[in-house]
Each structure stands twice: as C-alpha cells, then as structure tokens.
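Engineer: Heads up: the protein sequence lines correspond to chains A and B, in order. Per the working numbering, the first sequence starts with residue 1, numbered consecutively. Per the working numbering, the second sequence starts with residue 1, numbered consecutively.
Honestly, the hints are just simulated from the structure, not real lab data. Glycine residues also receive a C-beta, built at the ideal position from the N, C-alpha and C atoms. One or more of the hints may lead you astray.
Unchecked claim - One-sided excerpt, in silico: chain B residues whose CB lies under 7 Å from chain A:
1) R163
2) R205
3) V231
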Amino acid sequence: MPFLVNQLPTGPYFGIVAEFQTPADLFHACERVRDAGFTRWDAHTPFPVHGLEGAMGLKRSRLPWIVLVAGLTGATLGFLLQLWVHTTAYPLVISGKPYNSWPAFIPITFELGVLFAAFGAVFGMLGLNRLPMHHHPLFRSKVFERVTDDAFFISIESWDPRFDAAATPKLLESLGARSVELLES
Amino acid sequence: MAQTEAELLDNPVAGNPPLILRSPDFHSITDVVAGAVERKTPIGWWFFFLPAVALLALLGAAVSWLFWEGIGVWGLNIPVGWAWDITNFVFWVGIGHAGTLISAILFLFRQKWRTSINRAAEAMTIFAVMCALLFPGIHVGRVWLAYWLAPIPNQMGVWPNFRSPLLWDVFAVSVYGTVSVLFWYVGLIPDLATMRDRAKTPIRRFAYGLFALGWRGSVRQWHHYEVAYLVLAGLATPLVLSVHSVVSMDFAVSVLPGWHTTIFPPYFVAGAIFSGFAMVMTLMLICRVAFRLEHIITMRHLDLMAKIMLVTGSMVGYAYATEFFTSWYSGNPYEFFTFKNRALGPYAWAYWTMITCNVISPQLFWFKKVRTSIPALFVLSIVVNIGMWFERFVIIVTSLHRDFLPSSWGYFRPTIWDVSCLIGSFGLFFTMFCLFVRFLPMVATAEVKTVLPQADPHYHRGPERELRIGAS
Numbered sequence: 001m002p003f004l005v006n007q008l009p010t011g012p013y014f015g016i017v018a019e020f021q022t023p024a025d026l027f028h029a030c031e032r033v034r035d036a037g038f039t040r041w042d043a044h045t046p047f048p049v050h051g052l053e054g055a056m057g058l059k060r061s062r063l064p065w066i067v068l069v070a071g072l073t074g075a076t077l078g079f080l081l082q083l084w085v086h087t088t089a090y091p092l093v094i095s096g097k098p099y100n101s102w103p104a105f106i107p108i109t110f111e112l113g114v115l116f117a118a119f120g121a122v123f124g125m126l127g128l129n130r131l132p133m134h135h136h137p138l139f140r141s142k143v144f145e146r147v148t149d150d151a152f153f154i155s156i157e158s159w160d161p162r163f164d165a166a167a168t169p170k171l172l173e174s175l176g177a178r179s180v181e182l183l184e185s
Numbered sequence: 001m002a003q004t005e006a007e008l009l010d011n012p013v014a015g016n017p018p019l020i021l022r023s024p025d026f027h028s029i030t031d032v033v034a035g036a037v038e039r040k041t042p043i044g045w046w047f048f049f050l051p052a053v054a055l056l057a058l059l060g061a062a063v064s065w066l067f068w069e070g071i072g073v074w075g076l077n078i079p080v081g082w083a084w085d086i087t088n089f090v091f092w093v094g095i096g097h098a099g100t101l102i103s104a105i106l107f108l109f110r111q112k113w114r115t116s117i118n119r120a121a122e123a124m125t126i127f128a129v130m131c132a133l134l135f136p137g138i139h140v141g142r143v144w145l146a147y148w149l150a151p152i153p154n155q156m157g158v159w160p161n162f163r164s165p166l167l168w169d170v171f172a173v174s175v176y177g178t179v180s181v182l183f184w185y186v187g188l189i190p191d192l193a194t195m196r197d198r199a200k201t202p203i204r205r206f207a208y209g210l211f212a213l214g215w216r217g218s219v220r221q222w223h224h225y226e227v228a229y230l231v232l233a234g235l236a237t238p239l240v241l242s243v244h245s246v247v248s249m250d251f252a253v254s255v256l257p258g259w260h261t262t263i264f265p266p267y268f269v270a271g272a273i274f275s276g277f278a279m280v281m282t283l284m285l286i287c288r289v290a291f292r293l294e295h296i297i298t299m300r301h302l303d304l305m306a307k308i309m310l311v312t313g314s315m316v317g318y319a320y321a322t323e324f325f326t327s328w329y330s331g332n333p334y335e336f337f338t339f340k341n342r343a344l345g346p347y348a349w350a351y352w353t354m355i356t357c358n359v360i361s362p363q364l365f366w367f368k369k370v371r372t373s374i375p376a377l378f379v380l381s382i383v384v385n386i387g388m389w390f391e392r393f394v395i396i397v398t399s400l401h402r403d404f405l406p407s408s409w410g411y412f413r414p415t416i417w418d419v420s421c422l423i424g425s426f427g428l429f430f431t432m433f434c435l436f437v438r439f440l441p442m443v444a445t446a447e448v449k450t451v452l453p454q455a456d457p458h459y460h461r462g463p464e465r466e467l468r469i470g471a472s
C-alpha cells in the first residue's frame, strides 16, 4: 500500500523521539519546536491535551466537511429510494394519499443521513489519520510503550528539512526532554 | 506536600471539588482500569456470568420452541395482538437511551463527570439494543420472512411500505445500534492501544493490537479523533431523540384510544432516559465495588445520576397526568374509557405498580440522604426498571384488551414462554455485560485522565502552588 509507506522517511533513520514528563513540559516544548520551523514532526500523548494542536500549529481538521458530504449523500439516497419505490417501482395508494407523500419519507431520510454521516466521521477520521497502520518505527522504542499510559513524546522525522542528527536531539534536551532516542527506519 | 481528599474538597483555589478522588497520577488510573481486565478471572465474576449464561440458554430454548411451534406458545391473541414481545422491545430500547445520553448529550453539555461512566453506559446501550432487536425479529411469526423488513423487494416484487412507522422503526433502531457501536468503538481505540502496550502475552498483544489499529497517541491523530468524537456526539444526540420518538409513533400513529396521542414522543424519550439511568445505576453500583473503582465512580457521580432520575421520573409522572387530563378534556368517550379502565379496570394492579414505581419512588431522590445511600440507590434503581417495564405493558395491553365492542374484550395472561423470553433476554444482556467487563477496559481511561488537574498544560506543581495550598 504505497500511500501508507510514503508517510514514512526513506533514509536509515526514522527520526528521534524525546520523552517529556508532564503535559505542561510537552506543551512548551511543542511551541518551541513549532517556532523553530519543523514540519515533519508530531507529539504523542496518552489523552488529548487541551490546546496542544495550537501549540503545534495544526490547521483545523477537514473532517467536518467529509461528514457533511457523507450525511447529505445518505439523506439524498434515502429520500430518493423511498420516492422511487412509492412512485415508480411499486406505486400503491395508501390511505388515499399521493404517491409522493414526502412528509412520511422524512424519518427514514433523517436516519440514513445520520447513518452515512456517522460512517463518514469514523472512516474519514481513520483515513485522515492513516489508520489502521499496525507497524510503525515508533513501536520499536521501548519507552514509547508508555505513550498510552502516562508518558508524553515529541517525534521529529528524519526527512524534515531542518532535521540534524546532532543538533535536533540537543534542541529537545534543552527543552526539558527526559530522554532522547534515535530510531532506525 | 501531599494533598488529602479533605484538603482538595475544601480548596478554594481549585474551585470545584475534583471529579476523581485520591488525587491519582495518570499511571494509577491506567493500572486500576486495565488491571481489572488483566487480573486472573475473579471467582465473583463467575457468580454473575454462569447464571447469566443459564438464562441465555433459557432464551435459546424459548426462542427455539417459539420458532418450532409458532406464536401461539405466547399468551397473546386477539384482541391483545401485541403483548410482552413489544413491551420487552420498547423496554430494552429505552434502557439503551441512557448510554447515549451519557456519552453524547452530556458530552455536548461539557459535563465532565460523564467520563467515569460513559464507557460502561455505552456498552450497556449496545447490549440493550441487541436485546431490543431480538423481539421484533422473533415476534413476526414466520421468522424466515423477517427479511421483508429490509428495504428490498420480496420474491413477488412487493416493496415494504416506507410510510409506515413500523418500517421507520426498523431503520431508527438499526441505525441507532450501528451508530452506538461506532461511537463506542471510536472511544475504545486509545484504550485498546493501552491494553496492547501493557499486554504480557503475544495473544493479548495481537488481539488488542489488531483492534487498536496501530494507534500511537499522535496529536495529529488526536486532532481528527476529537473532531470525529464531537461529530459523533452531535449525530447521536438527535438520533437518540428520534429513535424513541419513532418507537412511540408505532403507537401514536394508530387510531387506537390510549395510543393515538401527540404527547407520546417526548414522553417516551423521557421515560427511556429514566429507565436507562436506573439500569446504569444498578450496573455501576455493582461494578464500582467489584472492580474497586470507588474513587473513579464516586458518590458525586451517583448523586448526579440520581438527580437525573428524579428529573426524568417527574417528567414521566407529569406525562401520565397530562395524558389522563387530556383523555377527559378531549370529550372523547372512548379515550376517557380507556384511561378509566387503565386505572380502575382489570389491569389496575399493573397501572398502580407503574405509578408507585415510576412516579412516587423517585421522589425519594429529593433527599440527599437517599441520593448518597448505596442500598437505597440500588433498590430504587431496580424498582424504577420494574416500573418502566410496567409502563410499556400498561400502554400496550390495557389499550388493546378492551376493544370498541364488548364482545371482543379479553384478558391477556402470559405463558411460561413469555416469561422465559423476558428473563432470557436479561440473560443475553448480562452475559454480554460480563464479557465486556472481563475483556475490555470498562472505564474510558484516556478520557478520565483529561479531567485530572495535572492534565491541563497550564497546571504547575511548583513549590508556589504547594505554598498556596499550605496557606489556605
């Protein structure tokens, strides 16, 4: 699957990963890494830390647009299905009402809109996050296992134009990193 | 200086009392929740699981007999064509609604206390919807034709009627079940990754890792994840309101006295949340003791849940009164007869059971003593669910059993197979719930960590803060 592989650096090193002790330390370090002009880097936390996407300089998520399109598609398809069935495929007079009794189609239109929007939200989120991705160089790090427990990390990937195998670890250490590790690809 | 619980509760600097007691660090939250799954199966778990499986087997037997012999094994017959089957269906769908209220509506209202109970409540929703979907599926008689419910033409080219509330119901409940599973699973992904990273055996690592999808807690991922979660909450909120509204339209759209009323949608939704909170309360009271989560699911959580039960219970009581008033005020003799018959007729015992359990008993929650007494909460939560089952029974059976002509009056009596299907459905529910608490983290650890004070990036544990606490 080329689009997944393309997300990872190609050189001998994936990059470096540095551990920070608290959300506050990580927050300030992220601000500095952002201001230093790095682009191919990430922070890793066990839970969503409030405001960290701002400290990293991330743009707004495009997910709501995906959800909107999916939801409208679902609602439209749902309505057209009912309209087609009751006017074309199997027209039947029920309670003397017109074939196109659109108010009676609204509940199912709504439900299908919600269904498609929910699928759009979940699969859109997974797509934007490039998940599932069961193998990643970060998983080779032993300390990184604690990212889902109580540890906070910054990873800077080796294909970042500002990445320097000697200077970048020093920068992270100066920002209060507890440990800095160089990871192979 | 370590902070004691009393200090934290009286701390004017921190403002609100903390949601999670014993001021734990992040790791101890992981430990207590994940530890409950990783430990060797406690003996006590089998005391719940084996009876639940026995009841599930009973359900299997009852449903098999029903399929073999036909709907006649149940006690329903004209004029009572719907009885325990649909009562159980509405009861179980209603139970599910509290899970969605806690996970979605309280999330939109920024009620942070929900984080301690939302995972288990969402699981409860899914299992309740499973039980609910069972009953319409088996009550159709010829189950091999149940696919006629699906939006496809049958072998004669006949399509289902999309203008019927019964078909709206098929869509509403199945969409609700699907969206509930999606919402629950999205919430589980970070915690499954926690289980994966703590796993000691390759099998556990593989199983949890497979479903964790390679989650690595990246902020770029959390960024989209949080939007997805918010959107799902925003979608689930109108969805849950629509589901019980549509369920109520199964009745309200008919022209039967006792069913044909516009109050049904809001009244059903309030009742659903009421019964669902009662079920969450019952389950949480057991789980918090069994898994030593008293500091995560605190008395404050129980107190808040009791308050919601008080509000929704009073709304239900108000709806009963309005219904009764309208039946008189409408001047429709059939409508008024139905209601007089409910309160004073052959099913008066069911009506007054309902009133006692649903309207009178929750009024005890006005007293803080009751809201903070575990035995009282436990008993009342079960009483409320008995009452809410009777509510659906009263609505369905008392409206049907005296038809317009006295020559077609009847009295519904359940058979042993009606009873088996009802208690068997509890077997299905508790079997699923037991498996859930054994294999999955029953508290959303990633979310609980966010409500700890040190999760805020502007929180500082410097000497300055200790001085301030020391001085206060």
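Engineer: Next step is simple, just say for each hint if it's right about the structure.
Structural biologist: Hints versus structure:
Here the hint on B:R163 is kept, as its CB sits about 4 Å from the closest CB of chain A, short of 7 Å. With a cut of 7 Å, the hint placing B:R205 at the interface with chain A is violated, because the nearest CB-to-CB distance is about 11 Å. For B:V231, the shortest C-beta to C-beta distance to chain A is roughly 5 Å, which falls under 7 Å, so the interface hint holds.
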